[in-house]
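Asks: As you go down the protein sequences, you meet chains A and B in turn.
The opening position of the first sequence corresponds to residue 11 in the numbering used here, with each subsequent residue numbered one higher.
The opening position of the second sequence corresponds to residue 11 in the numbering used here, with each subsequent residue numbered one higher.
Just to be clear, a hint being listed does not mean it is correct.
Identical copies go unnamed one by one, so any copy, or any two together, can satisfy a pair.
Claimed, not checked - In silico EDC-like cross-links for lysine to aspartate or glutamate, where the CA-CA straight-line distance does not exceed 20 angstroms:
1. K411 - E252
2. K258 - D412
3. K42 - E338
4. K258 - D208
In short, the hints are calculated from the structure, not lab data.
Number of protein chains: 2
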Amino acid sequence: VQRQQSAALSRELKKLNNADIAHLLNMLPADKRRTVWQQLDNHNAGDVLVELNDTIAEDLIEITEPARLGIILGTLDIDELTEIADLLPAPLLNQAVSSLEANERNWVERTLSYPQGTVGDNMSKDSLTLNERHTINQAIELVRSTPELPPQTDKLFVLGKHRQLVGVVPLIDLIRHPGETLIEDCMDKDVVTFAPHDDAEDAGQAFERYDLISAPVVDERHRLVGRLTVESIMDYLREVAENQALAKEGLRAGTDLFGPILEGARERWPWLMINLCTAFIASRFISIFEDTIQQLVALAALMPIVASVGGNTGNQTAALVIRGLAMEQIQRGNLSYIYRKELIISLLNGVIWGALLGLFAWMLYSNLLLGAVMMAAVTLNLLLAALIGITVPFLLDRLNKDPAMGSSVVLTFATDSMGFFLFLGLATLILV
Amino acid sequence: VQRQQSAALSRELKKLNNADIAHLLNMLPADKRRTVWQQLDNHNAGDVLVELNDTIAEDLIEITEPARLGIILGTLDIDELTEIADLLPAPLLNQAVSSLEANERNWVERTLSYPQGTVGDNMSKDSLTLNERHTINQAIELVRSTPELPPQTDKLFVLGKHRQLVGVVPLIDLIRHPGETLIEDCMDKDVVTFAPHDDAEDAGQAFERYDLISAPVVDERHRLVGRLTVESIMDYLREVAENQALAKEGLRAGTDLFGPILEGARERWPWLMINLCTAFIASRFISIFEDTIQQLVALAALMPIVASVGGNTGNQTAALVIRGLAMEQIQRGNLSYIYRKELIISLLNGVIWGALLGLFAWMLYSNLLLGAVMMAAVTLNLLLAALIGITVPFLLDRLNKDPAMGSSVVLTFATDSMGFFLFLGLATLILV
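One chain only, chain A, in its complex shape:
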């Protein structure tokens, strides 16, 4: 039965294209995913591997015997190989690289040396290049004689004597200019270029601003080293956005929703640990005031409101600041304006909503002073939340960390601890 099923599976798989198979594998629990993977013939397996989510690809690479993996890697071109290179075990990667021709091997090794998140890490090797002394007709001949153009080719790169980039020729110009025109007379010399160490997110903004489809990557002497396409940039930006949402909750990039249970449990430990520590410390602020609580037990019921309202407004401020930083709206020069504005907003909202909460507390417990303490504590905690909601993302950004990631832990810790401390402290001073 097992064998019959597997034959039927093979037949079904043959009907799907590789992008669809990858999509299917992304959705399957780990054990089924592995069964399907083993059924794929080696040539398709390579294409599928490149299309898979990184986490899924990593899992399948791990369970594939090295001999088969070697064959599968042999079916990939070098751009595909560098794309999945960081998922491969070192010996296999070395073996795959060493079987390449010298110039390809050089390119792969250089590309792998650029850190993640740089232009160099996202660029591809092949581009159509020509010389400024060529004519349009020769350029057309070049395009015709290239059996498969690099994907998203919208322009040819023009190189000078020392392989330095001197201009570009949009494909459309091959049609528009007379055949005998010299490239140097019609090329576009005002080119947007990138350096391999440029930040890929900044490159993404440039692609958007200048409506680019592809752009040359050049070294410090302006020699062509690679090509960046809108597709690789879109890929990268999507990946960053996804990983950021996970990182905010303390999960590593590409956590596998369908992975093994034990691993899934363990992946959450560092975050659980951090949160237990902060919650534990915040709880110590409460225990300082246990006597006060014993005398006025209503405080125990009201204190989480003070903490939670601070956390919420602080996260609002932080979200605005994080967006402002990402869009380069916030600079050192206008930082004091933002502090002033957010603090005034917090003061306003603290007084208004603090008064409302104070009113509730007064009515519920028939204690006017309790209401006043509530109002004061909410106002102060909102001011603190605004301060931290601006300062923490700004500092993280200055330290070249992702402000979206660490801000909310620090913020919640501060507004919880201080919410408890302010409220119970004021209550101790005024009420008991």
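Given chain A's structure and the hints, the job is docking chain B onto it.
Replies: Coordinates of chain B only, in the frame set by chain A:
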């Protein structure tokens, strides 16, 4: 002095290109932003307006006298006009539209009728079209005679007798095929097309999967109605990502970091209100057990830990589920697998970390039973957090809402309330 300064400003502005001016305006406080805007000459102002963030553009439109705004709008082409149409006051938009030629007016009116977030809302009007009976030479002639190609033109659209789309011809093929080839013999008939009512995010995934640069938009009879480009899709996806981060904190899309203070305060009221309500209800769960707390005041210090650890792990589960939904990894068919897996993970982590917390509570307060209650409450709250962390995003997605938006409020509300209730309830049963 005022006049001298303004002359100097005008000179400075003339040195910048419009994208840079827009970038500058995005960074200025409201009053300075308005001063600079008033200095711009009308022709540049139109280009700048299109490049600005929506919120900033909206603010500047509001303060510009209608006569000047009319002139500025007159400098825009119709794709630019539709791009900012939803920011304009209705009378001005109508006036701008009525001054267009009939076919352009039709197009603008139709485009504005598509809801936000659809392909129709993001498409542009112009494309290069030809007939299947034309030859490559005629296509080349068409390209040559078009003074300015629509941006990101990588292919020509081939239309049949009734303007229905029958194929596309990549620009590159104009170079590769002999001039006398008939378009119908060389065109690509296997075309990725979109309908105006398609979801723009789905279109974005298709652009990524098939490496598209531009694609035709067709109606139900397959007639060409517009063109979608990778640039408009990237724009849209970035906007969605930004607004999502704000929406998660209850801020409306494009909240103005530099806007007026009162407005900034008021913008946060709905969210403050919701959070005050949930925090207030959670606090009522505590007040049920005030007698218990009075007898064992340590409970007041420990209960926020139970609530917070539940909220944190629930948000982890929700983040994984939201990503899984966005990537179409989660279907009705594998939902029960995900429930099972996440519940087991929660049980495991609940027992392990609950035991650790229980140990702390036991040691701190020399009360073994208190430790046991702590462990049980943490475990139960983690199970509840996993249940809600899966159910809420999944239901929101089924209801065609953004699961990233509402999940965290519901989740925090549940884990707070139930954290308090479980912990204090168990304590009441076992300890007092």
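Asks: If a hint holds in the structure, say so; if it doesn't, say that too.
Replies: Results of checking the hints against the structure:
no. : hint        : result
1   : K411 - E252 : both (17 angstroms within a copy, 18 angstroms between copies)
2   : K258 - D412 : both (10 angstroms within a copy, 18 angstroms between copies)
3   : K42 - E338  : between (46 angstroms within a copy, 17 angstroms between copies)
4   : K258 - D208 : neither (25 angstroms within a copy, 31 angstroms between copies)
When the structure is compared with the earlier hints, a violation turns up for hint 4 alone.
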